[in-house]
Amino acid sequence: MALFVEGDNVSTAWVEALDRLLAGDGEAVNLTVAIADPTTEVPAIRSVVDAFIDGRRRAHPKSVERVSTVANTIFPQSLYIERLGEGAEEHLYELERRSRGVSHVRNRQGTYFERMVAWPLEKPKKGQQAKTFNQLDQAVVRLRRLREQGTQRGNQFEIGLTTPADEAIAVPIVVPGRDRQTMGFPCLSHVSLSLQKGVVHMTAIYRNHEFIKRGYGNYVGLGRVLRFVAQQSGWPSGELTCVSASASVGSGAGFSPGALTELLQACRRAQKEAL
Amino acid sequence: MTTTPTTLTETPPTMLELAMAIVAVLAEIRQVPVAELEAERGGGDLSMDSPEAVAVIATLQGRFGRRLAQVEDLEPEQLTSVANLADLLHRRWSSVPITSEGNT
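These protein sequence lines are chains C and Y, in that order. Under our numbering, the first residue of the first sequence carries the number 1, and numbering increases by one thereafter. Under our numbering, the first residue of the second sequence carries the number 276, and numbering increases by one thereafter.
It should be emphasised that the hints constitute simulated quantities derived from the structure, not laboratory data. No residue lacks a Cβ here, since even glycine has one placed at the ideal position from N, Cα and C. A portion of the hints provided could be inaccurate.
To be verified - Pairs of lysine to any residue residues, derived as SDA-like cross-links and limited to a Cα-Cα distance of at most 20 Å, are as follows:
| hint | chain 1 | residue 1 | chain 2 | residue 2 |
| --- | --- | --- | --- | --- |
| 1 | C | K62 | Y | D324 |
| 2 | C | K131 | C | E114 |
| 3 | C | K62 | Y | E292 |
| 4 | C | K62 | Y | E347 |
| 5 | C | K123 | C | R145 |
| 6 | C | K197 | C | R147 |
| 7 | C | K272 | C | K62 |
| 8 | C | K62 | Y | D348 |
To be verified - Sample of chain C residues lacking proximity to chain Y, with all beta carbon distances greater than 10 Å (derived):
| hint | residue |
| --- | --- |
| 9 | E6 |
| 10 | V29 |
| 11 | R56 |
| 12 | S68 |
| 13 | T69 |
| 14 | K123 |
| 15 | N134 |
| 16 | D137 |
| 17 | S251 |
| 18 | S256 |
| 19 | A270 |
Start from the sequences and build out the full structure, keeping to the hints where you can.
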């Protein structure tokens, strides 16, 4: 059965979902996490999660990525200079274009952010730049247009067949014919943005979610994307709902049931102390 | 006037020159004057986020016409400050090939 979890912010929602997963057998289908404000965290809980992951990285380098690294693959916050206003958008895109070659040294298939701002429209030819499409910019432009028109509502009912050039406020991630792996990148399949009563909301779909290795950083990164789109289009940002078709707490060294229960207890203590 | 290397050169830049080149690119990324970052650095170190470090490496690769990073260099723990990055680029200078097109 599906699990439905709600939280005020990234941290409390993630802890609640972890609790529900551990109360079962560590796995779930259709784990649905609704985060009222995905642009905020509880620093004390984040510190616990960071410490847990840093411990695994020290013992088993590269077995797990930092929360900040995971979030940066979805949205590289430090390249978004908010005080530049509308100019911040082009500055961000320019830095992404410039960084792409070096970024590919570590992430051969690119990052989620790259697919949002440079969706491949064709197969790259040797020695030539492939044509790409900026999906985030399209979402920002369309939402800006709705604001200029005084329209407070805009959405599109999708069945996962949208292409970036369609007139939807949607951001597909999986490239048909190219992404054939059953595990690994890309796990995030689709991002949908909707405007309801003058607030921009986001829904994200994961086909497979390694909840502890990726979940927290994914929620942080998606919250940043939502904030970026909302800021750049002039609307307030709303909630994030993330559906993981298949979710698992993970296994392997450092992920024993005892270690994960300790992690949950440490998060709960941090949550209580932060109140 | 102090200058920083911006063109293809066989002579390895000093750590100081590399640090100054990094700060100049970082200022461009953050859209602040170089003097502001130098003041923040105060002759010591200056922290940076890993996407900033990747953008700095990409920019300097283009300017120096030389590949300056390998996969093992791009772990986030290694990309945390101007001094870390200057040290990394200095070590890599003589061990990686000059690229024909500059920006790799």
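Hint check:
no.: 1; hint: K62/C <-> D324/Y; verdict: holds (19 Å)
no.: 2; hint: K131/C <-> E114/C; verdict: holds (13 Å)
no.: 3; hint: K62/C <-> E292/Y; verdict: violated (32 Å)
no.: 4; hint: K62/C <-> E347/Y; verdict: holds (11 Å)
no.: 5; hint: K123/C <-> R145/C; verdict: violated (32 Å)
no.: 6; hint: K197/C <-> R147/C; verdict: holds (11 Å)
no.: 7; hint: K272/C <-> K62/C; verdict: violated (32 Å)
no.: 8; hint: K62/C <-> D348/Y; verdict: holds (13 Å)
no.: 9; hint: E6; verdict: holds (31 Å)
no.: 10; hint: V29; verdict: holds (32 Å)
no.: 11; hint: R56; verdict: holds (13 Å)
no.: 12; hint: S68; verdict: violated (7 Å)
no.: 13; hint: T69; verdict: violated (5 Å)
no.: 14; hint: K123; verdict: holds (21 Å)
no.: 15; hint: N134; verdict: holds (18 Å)
no.: 16; hint: D137; verdict: holds (19 Å)
no.: 17; hint: S251; verdict: holds (23 Å)
no.: 18; hint: S256; verdict: holds (25 Å)
no.: 19; hint: A270; verdict: holds (23 Å)
In this structure, the hints that do not hold are numbers 3, 5, 7, 12, 13, in rising order.
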